[in-house]
Amino acid sequence: MNECASEQTNYSIMSTIEKKQAIKGGEFLLRETAAREVFIPEEFGEEQRMMAEATKDFIDSEITPNVERMDSMEPGFMPALLEKAGELGLLAVGVPEEYGGLGMSFNTSMLITEVIGGTGSFSTTYGAHTGIGTLPIQYYGNEAQKAKYLPKLASGEWKAAYCLTEPDAGSDANAGKTKAVLNEAGTHYLITGQKMWISNGGFADVFIVFAKIDDDKNHSAFIVERSFGGISMNDEEKKMGIKGSSTRQIFFNECPVPVENLLSERGNGFKIAVNILNVGRIKLAAGCIGGSKVVIDNAVNYANERQQFGTAIANFGAIKQKLAEMAIRTFATESASYRAGQDIEDKIEDLKANGLPKNQAVLKALEQFAIECAMMKCHGSEVLDYVTDEGVQVYGGMGYSAEAPMERAYRDARITRIYEGTNEINRMLLVGMLLKRAMKGELALFDAAKAVAGELMSLPTHEEASGLLAQEKAAVNKLKKAVLMVLGKAAQDLGQQLQQEQEVMMAIADMIIEVYVAESVLLRAEKLVALRGEENCQEQIAMARVYTYEAIERVGAFGREAILSFAAEEDRKMLLLGLKRFTKPLMLNPKALRRQVADAMIAQNRYIF
Amino acid sequence: MKILVCVSHVPDTTTKIQFESDGSALNKTGVTFVINPYDEFGLSRAIGFKEEGKSVNITVLCVGGPEVEPTLRKALAIGADDAVRINTQANDPAYVAAQIASYAEGKEFDLIFTGKESIDYNGSTVPGMLAEHLLWPFVSFATKMDLQDEERAVLHREVDGGEEVVETSLPVVVSCQKGIAEWRIPNMRGIMAARKKPLAVVSPAEITPYFQTVRYNYPPPKGECVYFEPDQAGKLIETLAQKGLI
Ligand SMILES: Cc1cc2nc3c(=O)[nH]c(=O)nc-3n(C[C@H](O)[C@H](O)[C@H](O)COP(=O)(O)OP(=O)(O)OC[C@H]3O[C@@H](n4cnc5c(N)ncnc54)[C@H](O)[C@@H]3O)c2cc1C
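Protein sequence lines correspond, in order, to chains A and B. Read in order, the letters of the first sequence correspond to residues 102 to 710 in this note's numbering. Read in order, the letters of the second sequence correspond to residues 199 to 444 in this note's numbering.
Hint data in this document are derived by calculation from the structure and do not stem from the laboratory. Hints should not be assumed to be uniformly reliable.
Stated by the list, open to error - Ranges of calculated distance between the beta carbons of each label pair, as one might list FRET restraints:
(1) B:G228 to A:D273: 48 to 56 Å
(2) A:S502 to B:V364: 45 to 53 Å
(3) A:R633 to B:I215: 18 to 26 Å
(4) B:I215 to A:E198: 40 to 48 Å
(5) A:E133 to B:K394: 35 to 43 Å
(6) B:V364 to A:E244: 56 to 64 Å
(7) B:P417 to A:R633: 28 to 36 Å
(8) A:S502 to B:G228: 27 to 35 Å
(9) B:R387 to A:P268: 52 to 60 Å
(10) A:A704 to B:T323: 44 to 52 Å
(11) A:S666 to B:R387: 52 to 60 Å
(12) B:S253 to A:E244: 37 to 45 Å
(13) B:S253 to A:E468: 45 to 53 Å
Unchecked claim - Here are some chain B residues the structure puts well away from chain A; computed CB gaps all over 10 Å:
(14) F217
(15) K248
(16) I444
Here the structure is a predicted model, which means the values were calculated and not measured. We treat Cβ as the ideally placed atom computed from N, Cα and C, and that holds for glycine.
Next comes chain B alone, as it looks inside the complex (with noise of 0.2 Å):
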């Protein structure tokens, strides 16, 4: 069975995120870059079917310079065992979407995890366009995964109130939420071995980027916190009113 685990280089969930001063773009000095957490769910998970005993092959795939290479390298000390890197910058969802496709097509792949976003521009399309550019069913949000056989699968997604069960036939797209897999830390042994394991590099396809970010801004600063005790009702209603609020 062939997985294929998309990964993205994201800034670490601590970072003070800061635009470049025109506002264009993210501002990297000083980030720290990791592997996109939702997207190690499924590469957890992946890490699983083999551990289960079945005969798996996982290739994790980033598409960016060279920049991401040691996210893949991470993806590979955790258990993948090669990886792919599409040289070009990850320009947007559209393009990610169709750069992965395009590497993707007859390379026989029986599934493709992906996160169900990117922590950092939070998108949560990516996957979708994906299976639309294949052709493949795409569930989102999946929970939990098993495999039936090596042709159906059966997974658990969360749906507003409660959960969803469904089979799907494979090849799918899945996007993975908490719950499928539980993170793994890389051990030591796996992160030299990493050295070793394959690094493609592969040019993009001729694609056109469909749309350019114009700018960035940063949230509205957060206002004032007012307190009232709780015998000056009379007061609050004065503000709210004063605020135009009520």
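Extracted from the complex, chain A is given alone in its bound form (with noise of 0.2 Å):
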């Protein structure tokens, strides 16, 4: 590190001072974001690189050169492998101080869950345990219960595992069937019922379970430790991938738990379920990005050795796209992650200085910020499942062969779509919440979309944007209208019907996605600039101008795959009209920007962004 550390810091608490109010989820569609309200990587302080780096050393010395041990489900090695983390302090990030944790911020935690999302199966073990298992503890436990369990979990002296699905209840997650019913002595919870998937299962000592006490129509939360009785579990599930992370059924057969375990209140379930699936969507996507990372480092360098046609595979045009595109859209998802985790962050302060305990403030945000993590949950996913896809294509036949890194990566990948809510359902629901929040009035969605539809019957103004970054910027601003045009008018033809017409939802979902991200990228770039100057961040440039390119290009096609699904016959021309309006092409060339990105990576033999 240089002395650039200590000027970034210093940038970083100036830009903070200069924030004047953290802004509401969803808002960034109605609103011009400027460069200096949003946080970027880059400004991450000295000590939390230390801390970063820490965490690297850790998994170069106990992960990396025992990937066969882990994945092989070697005996003990796991939770031998949490506790170990638990000594270096890593699973007590995020826990307050006050219950033996370190109490460092959101995106410090992100952080961390970054570096470890390159370890395959440690990743998943590790957001169970610090996410999910945790934090529900964390968020809604009482006096008694976090000053039990949380400095416990901390350590890594115990383990937890998150119990929601069940065979019959996955997506669907209220369906679960698994029971509590009290005693007759009134001192003891009895649950029964039968959980699936769940990560750490086959060591964790305490166990979050959502049953539904008698009949309600709502789960309850309990904290359940493996030494109450009455649990039993099936073997091992045999997946595809992360095979070294734990992951069992789990049969509860009137097992005891003392009422004072019931967490929060009666029927208070889902909602925990839901907002600890916050936390947890956005700290997968922190994970993707350092997922996506390695393979980028491993693909580069495998370019630059593998020889072919007697010149490394590294100078052909057609790989130099692929290492490009990866390294592109990995900068964008972190750009727009670490954004909403600051805003998350501000929003935590926010409502702690207007006197939230800041328990209740970590939820509010969270909640306030459930349509960025779900977004940032599904961005992340894909972005991940693309650059192990192209990491496997960069290494050719060595790519399918399980002795070189990308077979494994490839598989590993894969899940991280699948849980903590499938990304069709993350869409729906990111979309869902936005009219709902339009619906209530909090977003002044509505009013929004009418004056673009309002713009649409003028006629065009054909103002140039000039400056750095500012025809993509210009560009931006004209996506949201295409979002508000396309969403507003779905909302007003279907109403409620919208609910039922999933794939337009989802093609709504990925507009809006590109354009936060998109968004999220362009003002990295532009405060990058600020900070280091032009002439340093030219690759930065290039990648912001690139994603932007390709943004537009995708809203253009998921707007006109909605259009042409919903709109009625006589709105379609019109409403296409707009789209072509609100989506025209950048006049760049993306092969140069492109080329430029990879021979940056190419000369320094790694991903260097």
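Bring the two chains, given one by one in their own frames, into a single complex with the hints.
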């Protein structure tokens, strides 16, 4: 690290001070965000970087040389690894200091999660323990529960799992049939039911179990210790990837849980599950960034070494295009994830300043940004899948061989689109939430949509934006209009029926995601230019431009798909014309820009952004 | 017991080394710097003494400008108690040794650790010169060290084809080699605690640098590899002869 680090820290403090007021979730569609308002990963300070490096050192010494032992599920290996991570404090990152944690900021915990994201099986184990396993107690536990469980979870002495899914209740989590019945003495709930796909199930000491008390409509959540008895499990699931992470079916048979282990209030379980998943989702995005970076490192290195036709394959345009595209998408999803992470952090601070206790502030902030969490879950996981897929391709036959790292990375990546809510569910959720907020008047979405509709009636204006990234920023503003136009019209035409038109919802979700990510990567490039000078961020500028160029194409395609799917014959033409107006292609040379990005990585033999 | 651990701020081992175009210095753009790995062995051994229950204060020292402070803070994160930066550029080994000696003089250190060499300039000369300045014994390439009591230590050092066990009085200068301790990963708590530990910046002693590096040259480019089939021994001999190698 060099002098830059301290400058960056100062800048980050400055930029936080400059920020006037925390924004609302989903509001990005309705306002133009300034570069100084967003956090970019380059602003991480020396201490956070040191933490990330220490985490990387831990991975290099404990995991990388032992991947085979991990993925063959050598008995005891994974719990021991969690304990070692605990010794380093990696399980305590987000836990409050009064409960043996480190109480670090949201974005810092994202950063650690990112680094761990490159470890496949361990990444899932880590996420299940520190995220969905620990957080329900941290956010919803009472004093006694927190004091009893958190220090042991933060140190790794106890390991945690989260039991929501059941054989007949996956995406439809609320359909769970697991029951809790109070015993006659009124001292214990007896839990009976079957849970499925439980990460860390094989060795966890503490389970967060969702069950319905008597004939309740809603779940309640319980803290269950393995030692309570009445728990049995099937063998480990045989999985496509993350083979070293324990995944079990768990049977509860009148498992006696002391009444004081009910988490929060009766019937509050679903709310807990949903809110915890919000954190899980954005953290999963962070993990995907880390996973992607490792794959790109390997791919660049292999492309430099592998010779065909008398030259390194890195010299071929087709390979450069892949390497660049992998980097561009990773850089873009990273820009958006940390932007959202900081918005959550700011909101937490804002709510705390307004008198809300820390825990409630965190939950409220996460709820506020649930839309962004869902977006980043989808985008991050799909970038990772794209990157691993192209990683395999760069390796050619070796990509298909279990001897090289790509095969595992490819298999390990696939789960991220499925758990923490499938990407389909997340897409539907994010559009649904946006509409709900519009309906409630929290977001002036329909007014904005009306304004766009009005604009369509007038002749297009032809002002040319000039200046660095100005063209791209103007384009993103237009993309927002495209979203507002399609979403507004779909909501108007279909009303509640829109929820049933899932294909339309999905297309709109994709439009929204693309806009958020494109805007984020542009803001990052712009802020970087302010921080380091234009000459020192040529590749970042190139990445922002190419991503925007592609986002326009994609928003156009999804928009068309949506319009043709829902709009009445007489509205179609108008809407398609509007879409065309709002998705004019950028005039740039994508090949040249991608080569610039690829060449910079090829020269350094790794992902360098 | 007071231990001084000297650390230097060196380019990461994976760095692709490039010099300034006139060859006068290392081109530092884009280079990540780390604690010299051999110095980390010394730091780790010092922390080991603490863990063995001895009452130890560990000071880490680096000669350099403000740019070396992250390295000192990393050492604090790993477990040193306080840090000192001698505010001058590390011009040459003799200069660095004289600066450290001038700082250490009269501070009652019982032990000074250095690495066996720094991985940037690979001089291996600072610890010897430092011991000479202080008129202390010097044990180089130590692979093991135990304290017998407050006054004596037993060290193992690598020698050609074997190992030498030496006993020395304290204070002593020890240059560390692999084996003396394992590298440590700073834990998160240590990293956070580092923020609160003292890092003193001291002015350099007035010492005239002894020498000046004139130029760095790259190694000559690697020659091309030529393969000969097993039955081409004649051709191999001919080629070697042509190159004047036999
Ligand atoms: C390795 C692994 C680890 C896991 N770890 C845990 C854990 O620790 N704890 C835990 O509680 N759970 C865990 N899960 C469960 C996971 O969260 C679920 O698998 C996931 O939510 C999907 O549920 P499902 O498998 O029942 O799929 P289904 O719900 O049956 O979905 C099948 C398909 O239908 C789609 N679909 C479902 N409903 C709808 C709808 N309304 N509209 C449109 N499409 C829909 C889905 O998107 C998917 O494509 C894990 C799963 C795996 C594979």
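The hints, checked one at a time:
1. For G228 (chain B) and D273 (chain A), the hinted distance range of 48 to 56 Å is satisfied, since their beta carbons lie about 51 Å from each other.
2. Hint check: S502 (chain A) to V364 (chain B), Cβ distance near 51 Å, so the stated range 45 to 53 Å holds.
3. Distance hint for R633 (chain A) and I215 (chain B): a CB-CB separation of about 23 Å, consistent with the stated range 18 to 26 Å.
4. Checked against the hint of 40 to 48 Å, the C-beta distance between I215 (chain B) and E198 (chain A) comes to roughly 43 Å, which is consistent with it.
5. Between E133 (chain A) and K394 (chain B) the C-beta distance comes to about 41 Å, which sits within the given range of 35 to 43 Å.
6. At roughly 58 Å, the beta-carbon separation of V364 (chain B) and E244 (chain A) lies within the given 56 to 64 Å, and the hint holds.
7. One distance hint, 28 to 36 Å for the beta-carbon pair P417 (chain B) and R633 (chain A), holds here, with the actual separation near 33 Å.
8. Hint check: S502 (chain A) to G228 (chain B), Cβ distance near 33 Å, so the stated range 27 to 35 Å holds.
9. The beta-carbon spacing between R387 (chain B) and P268 (chain A), approximately 42 Å, falls outside the hinted interval of 52 to 60 Å.
10. Taking 44 to 52 Å as the suggested C-beta distance range, the pair A704 (chain A) and T323 (chain B) does not conform, at roughly 34 Å.
11. Between S666 (chain A) and R387 (chain B) the Cβ separation comes to about 55 Å, which falls inside the hinted range of 52 to 60 Å.
12. The supplied range of 37 to 45 Å is met by S253 (chain B) and E244 (chain A), whose beta-carbon atoms lie about 38 Å from each other.
13. Judged by the Cβ atoms, the range 45 to 53 Å given for S253 (chain B) and E468 (chain A) holds: they are separated by roughly 52 Å.
14. No Cβ of chain A approaches the Cβ of F217 (chain B) within 10 Å, the least distance being about 16 Å, so the stated non-interface status holds.
15. No beta-carbon of chain A comes within 10 Å of the beta-carbon of K248 (chain B); the shortest separation is about 17 Å.
16. Taking the minimum C-beta to C-beta distance to chain A, about 31 Å, the non-interface status of I444 (chain B) holds against the 10 Å cut.
The earlier numbered hints that this structure contradicts are 9, 10.
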